[in-house]
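Can you make the complete structure from the sequences, with help from the hints?
Protein chains: 2
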Amino acid sequence: MASSDQTISAALERLAAIVSENVDQLVDAFYSTFLVHEEASAYLSHSVVNQRLRYSLRQWLLDLVGKDMRSDTSGFEQRQIKIGEVHARLRVPNDIVMEGMTLLKTEIARRVSALGLDAATTAETIILLGESIDFAMRYMTEAYVSDTRSRAQTDEAFRLFSLGQDINLERETQRAALMEWSQSVLFSLLGEKSEKPGNMLSSSPFGLWVRHRAAVLFQGSTILGGIEDLIRQIDQQTIPAISDRGPAAISDLQRRVDEIKYLLNDLFQTAANLENGRDPLTRTLNRRFLPSILGREISLAKSAGSPFALLMVDVDHFKTINDTYGHSAGDAVLGCVAEHLLGAVGSSDYVFRYGGEEFLIALVETDRTEAHIIAERIRQGIAAQRPVVSETRRVDITASIGVASFEGHPDYQYMINAADKALYRAKQEGRNRVCMAPDGSSGAAAPEALVNNYG
Amino acid sequence: MASSDQTISAALERLAAIVSENVDQLVDAFYSTFLVHEEASAYLSHSVVNQRLRYSLRQWLLDLVGKDMRSDTSGFEQRQIKIGEVHARLRVPNDIVMEGMTLLKTEIARRVSALGLDAATTAETIILLGESIDFAMRYMTEAYVSDTRSRAQTDEAFRLFSLGQDINLERETQRAALMEWSQSVLFSLLGEKSEKPGNMLSSSPFGLWVRHRAAVLFQGSTILGGIEDLIRQIDQQTIPAISDRGPAAISDLQRRVDEIKYLLNDLFQTAANLENGRDPLTRTLNRRFLPSILGREISLAKSAGSPFALLMVDVDHFKTINDTYGHSAGDAVLGCVAEHLLGAVGSSDYVFRYGGEEFLIALVETDRTEAHIIAERIRQGIAAQRPVVSETRRVDITASIGVASFEGHPDYQYMINAADKALYRAKQEGRNRVCMAPDGSSGAAAPEALVNNYG
Chain W
1 MASSDQTISA ALERLAAIVS ENVDQLVDAF YSTFLVHEEA SAYLSHSVVN QRLRYSLRQW
61 LLDLVGKDMR SDTSGFEQRQ IKIGEVHARL RVPNDIVMEG MTLLKTEIAR RVSALGLDAA
121 TTAETIILLG ESIDFAMRYM TEAYVSDTRS RAQTDEAFRL FSLGQDINLE RETQRAALME
181 WSQSVLFSLL GEKSEKPGNM LSSSPFGLWV RHRAAVLFQG STILGGIEDL IRQIDQQTIP
241 AISDRGPAAI SDLQRRVDEI KYLLNDLFQT AANLENGRDP LTRTLNRRFL PSILGREISL
301 AKSAGSPFAL LMVDVDHFKT INDTYGHSAG DAVLGCVAEH LLGAVGSSDY VFRYGGEEFL
361 IALVETDRTE AHIIAERIRQ GIAAQRPVVS ETRRVDITAS IGVASFEGHP DYQYMINAAD
421 KALYRAKQEG RNRVCMAPDG SSGAAAPEAL VNNYG
Chain G
1 MASSDQTISA ALERLAAIVS ENVDQLVDAF YSTFLVHEEA SAYLSHSVVN QRLRYSLRQW
61 LLDLVGKDMR SDTSGFEQRQ IKIGEVHARL RVPNDIVMEG MTLLKTEIAR RVSALGLDAA
121 TTAETIILLG ESIDFAMRYM TEAYVSDTRS RAQTDEAFRL FSLGQDINLE RETQRAALME
181 WSQSVLFSLL GEKSEKPGNM LSSSPFGLWV RHRAAVLFQG STILGGIEDL IRQIDQQTIP
241 AISDRGPAAI SDLQRRVDEI KYLLNDLFQT AANLENGRDP LTRTLNRRFL PSILGREISL
301 AKSAGSPFAL LMVDVDHFKT INDTYGHSAG DAVLGCVAEH LLGAVGSSDY VFRYGGEEFL
361 IALVETDRTE AHIIAERIRQ GIAAQRPVVS ETRRVDITAS IGVASFEGHP DYQYMINAAD
421 KALYRAKQEG RNRVCMAPDG SSGAAAPEAL VNNYG
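So the protein sequences, as listed, match chains W and G.
Here UniProt numbering is used: position 9 in the first sequence is 9, and no number is missing along the way.
Here UniProt numbering is used: position 6 in the second sequence is 6, and no number is missing along the way.
The set of hints was computed from the structure by calculation and includes no laboratory data.
Glycine residues also receive a C-beta, built at the ideal position from the N, C-alpha and C atoms.
Examples of chain W residues toward chain G, derived with CB under 10 Å:
| no. | residue |
| --- | --- |
| 1 | 91 |
| 2 | 99 |
| 3 | 160 |
| 4 | 161 |
| 5 | 209 |
| 6 | 291 |
To list a few chain W residues with every Cβ distance to chain G over 12 Å, as calculated:
| no. | residue |
| --- | --- |
| 7 | 36 |
| 8 | 70 |
| 9 | 188 |
| 10 | 391 |
| 11 | 432 |
Chain G side only, calculated, beta carbon under 10 Å to chain W, not exhaustive:
| no. | residue |
| --- | --- |
| 12 | 47 |
| 13 | 89 |
| 14 | 106 |
| 15 | 141 |
| 16 | 150 |
| 17 | 349 |
| 18 | 410 |
| 19 | 411 |
| 20 | 413 |
Quick look at the structure:
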């Protein structure tokens, strides 16, 4: 029951008439809803924006139902892309725009319904309206997403650039800035009676740094939240009370400043650990890069039709070694296994520390057969190691390995699960062995595993 | 003409009946369209995905019109968020999903239209359908965008981590890998007649590195594209011809390998320059961080209600200095001005190299009056400098400064434009002076400047 060109033209003309007759009312309806919308009003409250957006929305509505959109689709598409980019730059959330679009559809559809046409014509007109607005929204969203992605990359590059500057110097500079502020408070207390205690901590150079720099460097850190709380407490409780020069307030100040110093150290320390791309013990890759690397390699394999394989390697009886000879023995074993793995793979392959004694290896352009051969060689290589666990002792070690090859499924988590299950079988069957995941066809038996459990 | 609860319930029941009676047909319509859709079919072609998604889409349709959505909105929202996250992980473009939603709306609306209801009831039912699907799509998109953003951050962190590894070692390793490959080709030519020429360059360690590592490190580089072209030429033209042991083919190989070596050097060199967060000459920030920093500072100023100001600083008669005393004199002037600027601002402020002889300064938590005082101090400070431009000569320099303060407009480009216009006035009025942008109220005169021209 597709519509003919004639029905479409007639419907378009109806929509054009409704929109142009009601354009100011539609713009009003849009803004009256959005100015009370908590999130949206933040973007629309400025008079220039408001004035500009009312004008733009008016033009956009007329464009939507204009002849131009039909005859010059690509011009219309370009205009939607431009709008999506502006929204991304202004950080106007796309979902607010989508909400506005739904509202406009409903407003216009109600007016179509009131025309008194027959049911079929009414329905066709409303369907066309929905399709047109959705078409525009699709281009806006696509531009918004791609702009948001590149902005996120630049933000991260800036954050890492800032962290890459002399971070020890930064720490000492800010410790000094904090001390300078607390000293100025103390001097003002000991000096002329008329002199008021110094500025608030939050507006001192240290306070500005916390708000403007540290918030970028240590994005979302809970320690930073703790420092901000202490600054607030000092400004709102300690400083007002100190005017009475009560000794209790002074020691309260000292305690809180010391606490900030302590947290500041912690903040820099934690960041240094987190930013490591490699696991410090084994020198293998940090698993936070798994999504980036596997996502990309799977796209490549899919588009180039090239093979790709994962090995999940787990050290056998690791807990027993740890319990018998202590943690440093365990560390020595992990270090020895990791060194072997890093030497056994090619320069374009990846070795991750996946869990405690578990490593994940991504073998690029490697098919099932080759992956099995490499896994077997790795298993034998590990079994030949006898790492030194104390001055007088070496231990025998072995590892179990699960192998999965890329079978066309776009979700890397699906491949990891397959390698994990194969590893589990290797363990069950007596350890020190390699097991292959079943190939693609049998994997289809458990589709419900796809969406769940993995983030 | 809002709908009553009763009309909504009746419309919902109608939709529930249509969807549950036609659910398999709807799923079929969705897939028959999308399996021929070039972009979408890449994601749907795998049998496991296809099977899983058909099942999911079926459940989703029933969920959409189920009682649950009305009584447990937050459960429904959570399910949409989960779906959006899965799409982001699988890299299924959100606009394909949106296209599918429009299709489903149209399919269901046509069936509503065929029920033979009156026009008003038909319209209300289709409107409700649109609102419900749009509601779901909004949550999916929001989750998709936020997941895409954090994935982009991790991708960038991985890229920069990889670049931060010993990049000189990487360059030498890959030069050696390329040499090793070309040597193996030559040896096979000089050796036993029966021996075939070596592997293809594209499947050698060097070729793998280009495809899997370099593509991450040097994202989108045109030089990398050039290397890939040469690899293709060697594998498809040079190597097949070489079997005849024609000397022409040998020198062709040498020429192309040399060209790759040259491009490889270039690639690493260009990357080293690009990745600089600071301008090498002036040590001020690279302007590619402008959107990250100004976007963030404007959000902060907006939400905290704190002031924020920009100074646009331009060295007067710079071209004349450059033309009279040469480029190194110009560089000395820029270095001197930059040093003065970096020393004149607080530790939480930002100084960018904005253009040739233009600097942009972002002053956090600084209002109009303070910004004017700082700008004036900077102007006087620069006028007091007499940079050394040659062994025997110093020059007098001055600068013009435009100042703009944050007036609530969410677009940082708007503030930059305002500072730029003020700078232009300072130049017009005779240079070596500070001009303020008019405050917010008069800025409203030219709203059309908002959207245009700036990326």
